[in-house]
Structures are given as C-alpha cells and as structure tokens.
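Asker: Read top to bottom, the protein sequences are chains A and B.
Under the working numbering, the first residue of the first sequence is numbered 1, with each subsequent residue one higher.
Under the working numbering, the first residue of the second sequence is numbered 1, with each subsequent residue one higher.
Among the hints, a few may not be true.
Said to hold, decoys possible - Lysine-lysine pairs mimicking BS3-like chemistry, simulated, CA-CA at most 25 Å apart:
#, chain 1, residue 1, chain 2, residue 2
1, A, LYS268, A, LYS299
2, B, LYS201, B, LYS227
3, B, LYS252, A, LYS56
4, A, LYS110, A, LYS224
5, B, LYS252, A, LYS18
6, A, LYS30, A, LYS224
What the hints assert, rightly or not - A few chain A residues facing chain B, derived, Cβ under 10 Å:
#, residue
7, MET50
8, LYS56
9, GLY81
10, GLU86
11, GLU97
12, GLN102
13, TYR106
14, LEU123
15, LEU295
16, LYS299
Said to hold, decoys possible - Just the calculated beta-carbon pair ranges, DEER-fashion:
#, chain 1, residue 1, chain 2, residue 2, range
17, A, ASP111, B, GLY132, 52 to 60 Å
18, B, LYS227, A, ASP111, 52 to 60 Å
19, A, LYS110, B, LEU21, 45 to 53 Å
20, B, PRO24, A, GLY125, 45 to 53 Å
21, B, ASN33, A, ASN23, 31 to 39 Å
Derived by calculation from the structure, the hints in this document are not laboratory data.
Think of the CB as a built atom: it goes at the ideal place given N, C-alpha and C, for glycine as much as any other residue.
One-letter residues, chain by chain:
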Amino acid sequence: MSTPIIQTDNLTRAFEDKTAVSNLSLSVDKGTIFGLIGANGAGKTTAVRMLTTLLKPTSGRATINGFDVRNEALSVRNCIGYVPQEAHADEALTGREHLILQGRLYGMQKDVLARRIDEVLRLVGLEAEADRRALKYSSGMRKLLDVAVGLLHNPSVLFVDEPTTGIDIAHRQQLLDYFRSLPSRETTVFLTSHFLDEIDQLAHRVAILDHGRVIAEGAPVQLKSQLGSTVFDITFMNGSTDAGNDLRLSLKRLGGIAKVMPVGAGLKVFANEEDEVLRQIKSVLNESNHAVRSLSVSKPSLNDVFYYFTDRGSA
Amino acid sequence: MTTALWRDARTIMWRESRFLLRNPVPIVLGFVNPVIWLMLFGAIFYNLARFPGFPAPNYVTFLVPGILAMNAVARGLISAFNLVWHRYYGFLDKVLVTPVSRSAIFIGQVTVTVLFGLAESLLIIGVGYLMGLQVAGGVWGIPIVMVLYVSLQLTFISISMMMIRMVPEQFIGMLQLLILPPVFLSSALFPLAFAPWLIRKVAGFNPLTYAVEAMRVVFIEGLEWEKIVTSWAVVIAVSGVMLTLSHRLFLKGVSRH
Numbered sequence: 001m002s003t004p005i006i007q008t009d010n011l012t013r014a015f016e017d018k019t020a021v022s023n024l025s026l027s028v029d030k031g032t033i034f035g036l037i038g039a040n041g042a043g044k045t046t047a048v049r050m051l052t053t054l055l056k057p058t059s060g061r062a063t064i065n066g067f068d069v070r071n072e073a074l075s076v077r078n079c080i081g082y083v084p085q086e087a088h089a090d091e092a093l094t095g096r097e098h099l100i101l102q103g104r105l106y107g108m109q110k111d112v113l114a115r116r117i118d119e120v121l122r123l124v125g126l127e128a129e130a131d132r133r134a135l136k137y138s139s140g141m142r143k144l145l146d147v148a149v150g151l152l153h154n155p156s157v158l159f160v161d162e163p164t165t166g167i168d169i170a171h172r173q174q175l176l177d178y179f180r181s182l183p184s185r186e187t188t189v190f191l192t193s194h195f196l197d198e199i200d201q202l203a204h205r206v207a208i209l210d211h212g213r214v215i216a217e218g219a220p221v222q223l224k225s226q227l228g229s230t231v232f233d234i235t236f237m238n239g240s241t242d243a244g245n246d247l248r249l250s251l252k253r254l255g256g257i258a259k260v261m262p263v264g265a266g267l268k269v270f271a272n273e274e275d276e277v278l279r280q281i282k283s284v285l286n287e288s289n290h291a292v293r294s295l296s297v298s299k300p301s302l303n304d305v306f307y308y309f310t311d312r313g314s315a
Numbered sequence: 001m002t003t004a005l006w007r008d009a010r011t012i013m014w015r016e017s018r019f020l021l022r023n024p025v026p027i028v029l030g031f032v033n034p035v036i037w038l039m040l041f042g043a044i045f046y047n048l049a050r051f052p053g054f055p056a057p058n059y060v061t062f063l064v065p066g067i068l069a070m071n072a073v074a075r076g077l078i079s080a081f082n083l084v085w086h087r088y089y090g091f092l093d094k095v096l097v098t099p100v101s102r103s104a105i106f107i108g109q110v111t112v113t114v115l116f117g118l119a120e121s122l123l124i125i126g127v128g129y130l131m132g133l134q135v136a137g138g139v140w141g142i143p144i145v146m147v148l149y150v151s152l153q154l155t156f157i158s159i160s161m162m163m164i165r166m167v168p169e170q171f172i173g174m175l176q177l178l179i180l181p182p183v184f185l186s187s188a189l190f191p192l193a194f195a196p197w198l199i200r201k202v203a204g205f206n207p208l209t210y211a212v213e214a215m216r217v218v219f220i221e222g223l224e225w226e227k228i229v230t231s232w233a234v235v236i237a238v239s240g241v242m243l244t245l246s247h248r249l250f251l252k253g254v255s256r257h
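The shape of chain A in the complex, shown without the other chains:
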C-alpha cells in the first residue's frame, strides 16, 4: 500500500497568459483513490493532461509506475486509462466499436478483447445500447462509454476527469461503487472533481488545488478535523453579504470560534465546540438587526474544507 505509483515533483505548466499548474508535488500510493479537487479553472485538467502524456510540462517531473511522463511516454501510456472531462464520441462508431478500437490500439487479443468488452459494457450498463452509434447517445451515456473505454485494458492507473458529469443518479451511484471497488483490484484511481461529496465518499487522500497550487493535502478526515468540530451556517433574508460584515466582526470575537467567512448570502462559522458557541451565536444574532433565514449546525464536510482553505466565500 505504501509504494507511490504516481509521483510529481514541482510539476509546472505555464501557458502564454497564465500558469495553470504551479509546482505541483504529489505522491499517490498504489491501490488507493486520490482526489484532486478545485474550482473551475484551478488547474485540475491541466494536471491530468500532463500525467496522461497529452500535455508537456513546462518544468518539474512526474512519474507513473516509475516511468517518466516526459521521456518514457510510451511506457506510461501502456499502464494508464483515461476518462476525459468532456465526453466526445466518435460519430462513426457504435459503442462496441469504440471499445474494439481502444482494445486494438492496446494490442489486446481478439478473444480476450471480446470477453472484456462484454464485461465493461455490463459494468456501465450499456449492453442494450452497445450496437447503436454513439452519436445517438445522451451525454451521460457517452460518459459511461468513456469510463468503459478507460477501464477496458485493466490499467494500473485510471485517470478520471470529473467522473459523474452528466450522469443520472442511478448510474452515478453504481459508478462510484465501482470506482470504490477498483483499488482492491490493484488499480489506482486518480479523480478530479468539483463535486466534493463524491470525492469525500471515495478518496483515501485529496489535494485541493487553487490557482494552480496545492493549498491543502491529506485524508478527508484529517483535513476536516483541522477545521474544528462544528460548522455553523447562517443565511440572511435580504441576501446581502455586505450586511454581514459587522456581524462577522462580532462573531470573530467570540471564544471557541476558529474562522468566520462569508459564503454566498450568508456566513460560515468554524468552531471547536458546539453548545456554548451555538448559544453565543444565537445571542449575537438576536442583538443584531439582521433578519436571519436559517441557522444550521453540522460536522465539517469536504465542502467546508474547500471553503476554509481557499477562502473563496463567493464560490
């Protein structure tokens, strides 16, 4: 469990107008699920494209299974699978033919390929649609097909960029369950997502990417514990964030509160204690002239982790 299968060392990619990924240093253990999370434009896809040999790093290095993505691209390609973010189907091919194309490009034997195709089709629930042209598929079905394609050759690392975009709830849960079962089959999974509840369910470790930099990394439980024990979410009637400014200051002065930050039309309060802090928050709110719509108390979620570390209240 402790051999790193993906290792990056100051991996950086600069485009003409911006540095999409900056000094990314990660280590992913074999047989685990790793989640790279971040807002749109944080650099997740750029990172995955470098790791899957589709994009050249500007500097730094990365290895997959010990192979350098820059100099040993062919060896890297042989051991990875890739599910891109946007599901583009080849308009000429049926679902099954997509899999045949992929299997042949990996040099799979005909009979092995045929058997494996049936397996992955069953897995993503596309057996009935397999011989229709993928052009006629819904976007969710195309994504499922991409997942089947990515898994076809039993890669040792599967990269999945936004695993469940466009997939309905029933298939979504099925897929997540399958991803969860993969590490036991010796496949390491590298996910990117902005659906944090999904990553929370699945990932053994996560890294939060913001403006191309990793701002927090660790097991979800570990990251959540850094936020304290309790999160209070306050929303206001008038929906104005500015109105909460004075309130923020008063709340910050209370004991037991680690951080107060504006989120959308409300405030998030991170605290180390529940009952006493709740009592105090209530009294502060009563004294203020803000019309409170709701006050909820919860354990920190990965969403909270994201807000906490990115300081991105309005995200």
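Could you slot chain B onto chain A? The hints should help.
Answerer: Below, chain B alone, put in the same frame as chain A:
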C-alpha cells in the same frame, strides 16, 4: 515495432472505413461532383474539339484526365478533415493516450484515402467511357491512369495532413483557397497552347500538368512508356518530398505541446 506500426495502421484504417461506410452521402456527392463537371464542361466545350490543332479526338477524352486530376486534388485536400475535427474536439486525445504509434495514424489515414481514390478514379473513367472517352492504351491503360491519379493525390493528401493543427473553420477556409488554383494553373481543362504565357509558365511547375499529360498520353496516344514514365517521375517525386515533409509536420502536430 514494425508489426505494431502495421497493426495500428490497420486499426486506424478500420475506424476510417467505418466512418466512410456509415456516411455514404459525402462519398456519393463527391462522385456526383466530377460527373456534373464532366457533363457541364463536356457540353459547354463540346465544339472545342473542332478547333484545328485540338489535341484529342473529342473533348471528353481530353477532359477526363482533367476531371481525374481535379478530383485527386479535392479528395486529397479534404483527407485530414476527420483528424482535424477529432483533434480539435478532443476525440483524438482518447487515441493519443493509448500506446498507438503516431506514424500509424498518418499511414492509416493516407492509405484509406488512396484506396478510395483508386475506386473513385475507376468510377470516373467508367462514366467518361459512357460519355465517349476513348482509351488508346486499351484495358491496361486504365490501371496506369489509376496509378497516376493516386501518385498525384498523395501530394494533396500531404498538404491536408500538414494542416492537422488548424481549427476546423480554418481548415475549410484553406480548402476553398487551395482547391481551384492548381486546377486552373495546369492543362486540366484546356490545352496549354490556348493559355496566356504566364499560365503556361506556372503550369510547368505544377505536378497536375504532368499527371494530366501522362493520362492523356494513355488515352489519346496509347502506352507510350517513355512519355508516361517521364511525367510520372515528376509527379511521384513531388509527392515523395511532400509526404516526407507532411509526415514530419504531422508527428509534430499530434505530439504534446
């Protein structure tokens, strides 16, 4: 390595054949096009053959090589369109993350285009025959003309593959720009003797002229090997250089940036 290259090229060809068989409309339209040209030009310039010194027994016999050359240009130039489209919209990425040989993508695409070119040139000759094409070179002249067609087409396939990194709109713009000049700056549609001095000079550097002249030798004079081979050598030499250059640019185009 070589076996993998050939295996991958065959896979790419298989994929391309699926596409062409499932999208017969462009193939049929692409065939209707030269037939329309044959009929229109054949009708408009029918009497051209009566001019003293006209170098063919009838205008169709003169025109068929021109239409073949024009078709080789058009089909060649459009050959990379799918790849351009797939690269731009991300489908090619799914192929590029596999260990596929990049050269195999090039070879597969070129080979499919050439195979379809052979079939199409045969069809054009067939329609021409129904319209009065005379083949002095006999039955054996026909495969010679097909080889000339493909040799010329390779130059334009090469140009198309060089444009791999263009966005689809740019690619279509370039097609429109590139299709007609080589046709009109050659002896494809009218005898060069009738053309202005400058066009005669430019046509001398155009491989189309050589391909068309060699085809005309087959149709009008018969299997005059010396004339045919001399012209063919020019055509294939240009194509060889273009293919080499195109292969290099293509590999660069699909590699990581």
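Asker: Take the hints in turn and mark each one as holding or not.
Answerer: Cross-check of the supplied hints:
no., hint, in the structure
1, A/LYS268 to A/LYS299, "holds (12 Å)"
2, B/LYS201 to B/LYS227, "holds (20 Å)"
3, B/LYS252 to A/LYS56, "holds (13 Å)"
4, A/LYS110 to A/LYS224, "violated (48 Å)"
5, B/LYS252 to A/LYS18, "holds (24 Å)"
6, A/LYS30 to A/LYS224, "holds (24 Å)"
7, MET50, "holds (9 Å)"
8, LYS56, "holds (4 Å)"
9, GLY81, "holds (8 Å)"
10, GLU86, "holds (6 Å)"
11, GLU97, "holds (6 Å)"
12, GLN102, "holds (7 Å)"
13, TYR106, "holds (6 Å)"
14, LEU123, "violated (18 Å)"
15, LEU295, "violated (45 Å)"
16, LYS299, "violated (39 Å)"
17, A/ASP111 to B/GLY132: 52 to 60 Å, "holds (55 Å)"
18, B/LYS227 to A/ASP111: 52 to 60 Å, "holds (54 Å)"
19, A/LYS110 to B/LEU21: 45 to 53 Å, "violated (21 Å)"
20, B/PRO24 to A/GLY125: 45 to 53 Å, "violated (32 Å)"
21, B/ASN33 to A/ASN23: 31 to 39 Å, "violated (56 Å)"
The structure does not agree with the numbered hints 4, 14, 15, 16, 19, 20, 21 stated previously, though it agrees with the rest.
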